[in-house]
Structures are given as C-alpha cells and as structure tokens.
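There are 2 protein chains.
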Amino acid sequence: MKRIAESTVRRLSIYLSFLEDIGARGALTTSSDDLARLGGTTSAQVRKDLSFFGSFGKRGLGYSVPELSSRLREILGLERQWRVCIVGAGKIGSALARYAGFAERGFMVSGVYDSDPGKIGKQWGGVTVLDIADLERDIVARQYHIAVLAVPAEEAQVLVDRMVKAGIKAILSFAPTQITVPADVTLRTVNMAMELEGLTFALTNRGADR
Amino acid sequence: MKRIAESTVRRLSIYLSFLEDIGARGALTTSSDDLARLGGTTSAQVRKDLSFFGSFGKRGLGYSVPELSSRLREILGLERQWRVCIVGAGKIGSALARYAGFAERGFMVSGVYDSDPGKIGKQWGGVTVLDIADLERDIVARQYHIAVLAVPAEEAQVLVDRMVKAGIKAILSFAPTQITVPADVTLRTVNMAMELEGLTFALTNRGADR
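Protein chains in written order, with numbering that gives the first Met the number 0: chain A, 0 to 209; chain B, 0 to 209.
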C-alpha cells in the first residue's frame, strides 16, 4: 500500500461518520458529491481517497452506504477492540476516563496512571487510577495498544520515552508541547491552543482574504 | 492576501510554539531546516509558508527568533485578548473552563452556559455557569469572539444556528458530529474519535505501508 497522508485518513473518518449518520436514518446509497460536501472537499478528491483502498461504488449508482461503511471501518481498524491507557489523572485525564464515546468506538480504557498518592486506587467511571511507576510493566503485561497522554508539558517527553521503550506504538497527546517519537511509533497531538489559533487567525485576517 | 489553507495555519502555530520554546532557552536565531524538522515538513515548505506574509530571515543567517515569534503572533492574532464562552457544562466543558492554558494565550473564558438548573450559578475556576437561555443576549452584550461548543451531538447544530444568528464568527466544537456554518463563520472541530482512528489506521496498516 502507498504511504497514506494524515489528511486522507482524516477525510476517511469524516466520510465514515457521515455514512453512519445517514445509515442510521435509513439511507442505502450516497454519492461522491454528498461525501465531498460533508468532507469539505471535491468529489474528485473523494474518489481519489477511496481509490487507495480498491474499487468502490458504481458509476451513476453511487456508493452502497452499508458496504462503504463496513469497508471504511475495516480500513480504519475499527472492526476490533483496542486497549487504551490514560497517562495523567488531571482535569483532562479525568474527563477522558469518563468519556463514554471511547467504548462505543471499540476503545477500552483499562487504566489511568498518575503519581499522586491521593488519586491512586480511586475508581473513575469503572476505571482504576494506577501508580505511574507501574506503567512500563503494565504496557507489557496488559498489552495496551494506545496511550493517551494528559500530563503537563514538562513531563511529556520523559513519559513518552518510557512508554516507547516499553513497546507502545501509538500515542494520542494532549500535552501542550512538541514531542518526538521514533519512526515506528505513531503520534497524534490534540493541541487546544493550535485549534484556537486557527480561529484567531481567521478572525484577524478575514477582512483581507475575501 | 491569498486564501491560506488550514494546514498552513497549523504549521505557523507549530513554528511559533517551537520559536517560543527555544526563545525561552535563549536562542536568538534559527533556520528553516530546524523549523521544518519540528513541523514535520521540508525547509522549502517553511519558506513558502512564511512567504505568504512577507519577507523573513536573511540567506545564510537564518531567522531572528524574537522577530519571527513576534511576527507570527501578530499573524495568528495573538497580540490581543479574545473573549470566549463555553457552551455546555458537562465533563469536557468543565475541564475546559478550568484549563489554565487559555488565559496564558490571551483567551479569556468569561462564561460557561448550560440548561441544568443544578449547575447554573456555580463558580468554576473563576467562571460562572450561566443559563443557556441567555446565550444569544450575551453574545451581543458581552461580545464573545469565540464560542467553544461542548454539548452532545444531537444538540450541536441547533445551538450553532442560534449562536450564528446572534453574531458569533468563530466556533471550536468538541461535539462528535458534523456541523455546518455559513461561509463567514470559522469552525474548527476537535474530534476525539477521529484522532484515535488516525492511530488505529496506522496500527492496522503499518505492516503494509513500509
């Protein structure tokens, strides 16, 4: 398979979310035009995005909603369960631990890690807060697939290095800092400041760009 | 000014975050190679990104860290304060209301809105939970620049329509659904499922793409 850009994978997620929405409302077929409108792109781009993964749809008939949904779920790795640990039991870690949307998508949060003795042992929405000193051992023993990092900027890289050494291959970071990982580890960053800066850029430059 | 792609704005944010990091550690100059490495791009792309906004740096001497930081802050609209409201006082809204990182970047959260009588009137990290029935009135009276949407999927579009009608021009959504806004409103979506799907895609297809 060719190397797929992050932006392509994002669009696949958007297409799937749209297909699931309209599928739940009974739609059986859709078009690349519909998918394009929702994904903020063109129908040519939709066809190109999907063409990476084989041939879909029939000219003039569009795409079968159940078929394309199922294929996208397979491509995105959603046809199975993933074991997730949350590292950091602060405000964001706490909100994430209680976030019901994870389980719906097959993400099983099975441990939250922190160094605060006041938090270790607590039960949060069915998940126990565990001692961060056991993180490496648990990554091996519990075979976490994904670590969600919700710690302050200054602790982030050290924890990532520890987790990578223990074998973790996928990290979603909420830490407001640049983190580096080896090439065989996938890192995604949710950066609140960056999202807001996208808005302030638009608010500031709007007059000029139209 | 030419229409600037969202991906370019994201890279400007990454460059700025890097410049502030090395600036705080005393660095006075940097190169497009350094900026490229951190931004996950090429030095040609860095020069192209910056060229949209005028001429920076000197051939062979690189960029002045304080000058480029200051110019990027200006471009991104960070040289002023922005009034922010949070709509939805659930788990995510609560974590966001207490998030100290906002104020550091000039984002003043001055109201959290909810319909739950048990929450209205509560003080959260210096911010009061207000009645969502007053949202339109407050958008006008308090002149919020940015609304952060943290409500369930099924309430999202209706609330966005209300806010847009009242004059809001920038929305950051945490609601797990597709939302549509008019062309003069900027919408950014933080979608946890989508971030995780980027990771599971990589975990699933990794063998194949190398």
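Be aware that a few hints might be false.
Since the list can't tell identical chains apart, any single copy or any two copies may satisfy a pair.
[Stated by the list, open to error] Okay, derived cross-link-like pairs now, DSBU-like style, lysine-lysine, Cα gap no bigger than 35 Å in a straight line:
| # | residue 1 | residue 2 |
| --- | --- | --- |
| 1 | Lys90 | Lys57 |
| 2 | Lys118 | Lys164 |
| 3 | Lys168 | Lys90 |
| 4 | Lys47 | Lys121 |
| 5 | Lys118 | Lys47 |
I should point out that these hints are in silico values taken from the structure, not numbers from a laboratory. All of these numbers come straight from a predicted model, not from anything done at the bench.
Hint check:
Proximity of Lys90 to Lys57 under the C-alpha cut-off of 35 Å is found in neither arrangement, the shortest distances being 48 Å within a copy and 44 Å between copies. In this assembly of identical chains, Lys118 and Lys164 lie within 35 Å of each other by CA distance solely inside one copy; the values are 26 Å within and 44 Å between copies. Taking the shortest alpha-carbon separations for Lys168 and Lys90, both the intra-copy value of 25 Å and the inter-copy value of 28 Å come in at or below 35 Å. For a Cα distance limit of 35 Å, the shortest separation of Lys47 from Lys121 qualifies neither inside one copy, at 48 Å, nor across copies, at 50 Å.
Taking identical chains as interchangeable, the C-alpha atoms of Lys118 and Lys47 are never at most 35 Å apart, the minima being 49 Å within one chain and 48 Å between chains.
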